[in-house]
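Chains B and A are the protein sequences, given in the same order. If you're matching positions, the first sequence starts at 0 in numbering that gives the first Met the number 0 and goes up one per residue. If you're matching positions, the second sequence starts at 0 in numbering that gives the first Met the number 0 and goes up one per residue.
Every clue listed holds true.
In silico DSS-like cross-links for lysine-lysine, where the CA-CA straight-line distance does not exceed 27 Å:
#1 B:K223 x A:K142
#2 A:K277 x B:K263
#3 A:K278 x B:K263
#4 B:K215 x A:K207
#5 A:K286 x A:K305
#6 B:K337 x B:K326
#7 B:K20 x A:K64
#8 A:K305 x B:K263
#9 B:K277 x A:K305
#10 A:K70 x A:K142
#11 B:K20 x A:K70
#12 A:K138 x B:K245
#13 A:K142 x B:K245
#14 A:K101 x B:K215
#15 A:K142 x A:K278
#16 A:K222 x B:K215
#17 B:K223 x A:K101
#18 A:K138 x B:K223
#19 A:K142 x A:K286
#20 A:K70 x A:K207
#21 B:K277 x A:K310
#22 B:K318 x B:K277
#23 A:K70 x B:K215
#24 A:K70 x B:K238
#25 B:K277 x B:K49
#26 A:K305 x B:K49
#27 B:K263 x A:K310
#28 B:K245 x A:K64
#29 B:K215 x A:K138
#30 A:K142 x B:K263
#31 B:K49 x A:K310
#32 B:K65 x B:K318
#33 B:K238 x B:K326
#34 B:K238 x A:K64
These stretches of chain B come out as covered by chain A in the derived footprint (C-beta under 8 Å, 3 or more residues):
#35 9-17
#36 109-123
#37 198-210
#38 222-230
If you're looking for bench data, these hints aren't it; they were derived computationally from the structure. Just so you know, these numbers come straight off a predicted model, no measurement behind them. C-beta: ideal position from N, C-alpha, C; glycine also.
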Amino acid sequence: MMSFNLRPDQVAEELVEFNEKLVNGLQNMLEVGEISEGVTEREAVFTDDKLTLYRYKAPEGGRQNKVPMLIVYALVNRPYMTDLQENRSMIKGLLDGGQDVYLIDWGYPDRSDRYLTLDDYINGYIDGCVDYIRARHGLDSINILGICQGGTFSLCYSAMHPEKVNALVTMVTPIDFKTPDNMLSHWVQQVDIDLLVDTLGNVSGEMLNWTFLNLKPYHLTSLKYLSMVDLMQDVDQMKNFMRMEKWIFDSPDQAGEAYRQFIKDFFQENKFITGGLKIGEHDVSLDTVTMPVLNVYADQDHLVPPDASRALKYRVGSKDYTELSFKGGHIGIYVSGKAQATVPPAISEWLDSKS
Amino acid sequence: MAENNPWLDSWMQAQQQFMNKWSEMASGMTPQVSSPANAWAEGMEKWWKQAAPSTPDLPSDLYEKLMEMGKSFFSMAEGYTKSSHPMGHTHEHLNHWFDQMKENYRQLHEGGAALSEQAKQGAKDFMAFWEVPMESWHKTAHKMMPHAIEWPSFYGFDPQKPEGQLFEQIHKLLSMPQVGYSRESQERMQEIGRLVLDYQEASSEYNKAFARVAQESIEEFQKVLAGIDKDAPLEVNSLRDLYTTWINVCEDIYADFAMSDEYQSLYGRMVNAFMALKKESEAMMDKQLESLNMPSRREVDAISEKLQQVKRENRALRAELAGIRARLDDAAGAAAAPRAVAKKKVAKKKVAKKAAAKKKATVKKKTRSR
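Construct the complete structure from the given sequences, taking the supplied hints into account.
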């Protein structure tokens, strides 16, 4: 006979406790107030269409790397994940490590941006930001840190303009898009992307949310909200939860043509690996990424599996290639306490050694 | 915190109602009219309606997610407590409850009639989260349709059954050749009809596969629970433990399914069928807008494309202009300043000059990549 250590009266008690927590938590929610986007002081130094380039204020009196770094974030989701709150800020960690930090905020594309291509993003917007920073600092080349899809863009940029990149850091960046554990890639193989973009124009953030949620639908819905009832008892923890919740569902629409090329060239045809990648007029090969490269990946990443990132080792042209593995997931690498203590300091130390 | 809140009275009433129902069920003395899980949900709903007007800042979708999760959690508690009858035989009762749910999903999978409404509702609450991928797809798809059309639901549709034969007849009707001056618009309507059916078939196949995988999840959960009984590798000391185990089992089964060739094909077919339908519907909408002398999406897109091309040309021209200015400044600087100072300026402006020259070479002919 089955024997659980669980009597009906215990179950009833647990439900009453759950109910009380839920109601208290809903009331605590009212005290959360507005959820901020980013905490570190920064200045908008350059704009181009909907793009804004920010420079973060360095701590007073600290030593600063003479070569500034540009953070290139993904087009999906918003870059304030890197500066979520006071004690969870990769940006703050990099500033504390002596880096002069610039960040691209892509803004929210609307339907007038439907015809933006990867060439516009990489050889237009990114190149414009790089040139602005180079001119401002009187340097031939700067450091670039690309995150996730922004890492893929940064690799393309570095391959096309190696003379402008002093050192490249890629974080949770997919290179091999067809590793056997890549669920996103698996799903999209039989989707007619031309039909999809011709039909939708821009691809809505809501559709992306649906896709990402379905990677782990039961943990990311039911179990997450069950755990939330516990967190709701503390206003500060609730705020942390709500910040993350806001970020997760803050998904800009994707410019149609850029989405078309990204999904076809990378997810479906895996051109970093198979070759034949062309951005605008440039043939793009990782062979021409010759500057020092630091590749940071998360060993429990469900979005960008570690093997998808580690593939860079065997493809990159650089003779100076280093890997940094983080024990955590795709999001934890920016926000967990362990990540705060290890990842930004390691990046800063590596960049200092290359500048 | 709750002590000083005006919602307290209504919440206390809801709690009382819930606990009364729970006591009735746990004692097994009173026939159930409404289940405790329903009583909880109804009580919370009533309480929330009173509380909501004074909580404009609380996101209602978050509340709804919490309620959905709560219903599922309470349904499990209900199922478990019903199974833990004082007369014993918990294992058999629990398995019977799971078997009922499996039967419900089996019938949905096979396109037959589902179980009684009560059994269906119990399974629906408990398994609500199982339908997250399908439900959220339908919501997303619905919002994307131009007319926000509620397409008829053919959940459980099976081409081999009588209703499937009806679809076959509709397919034939939609393939009839059209004649006359309105031939073109009739053919377009026929095409939309065919695409609706195609999408319904694809989405039905997707739903049915999920119903089958839901059965597999329940079977796996039963195996895990049997394992707890035999070897005690896991301890279930709370309802929360039981629920977490259940979610983990579902996630594992789902992950295997989502990485299968079958899922890739079902997913691709459903998304493609939806996009084909949406595209044709929008073309029809564009025709209507043009007939009203209104700008159509096609026309606005054409303007956007031209605008983007003009922006690219502007960017190239700006870069070229910056290069010319840099060269002029260099020349002027070299002529006016002592040689050593001029040299410094050249070094400083070298960066901008290089950038401009590079852009000039690369941005001349930008074409869309497809």
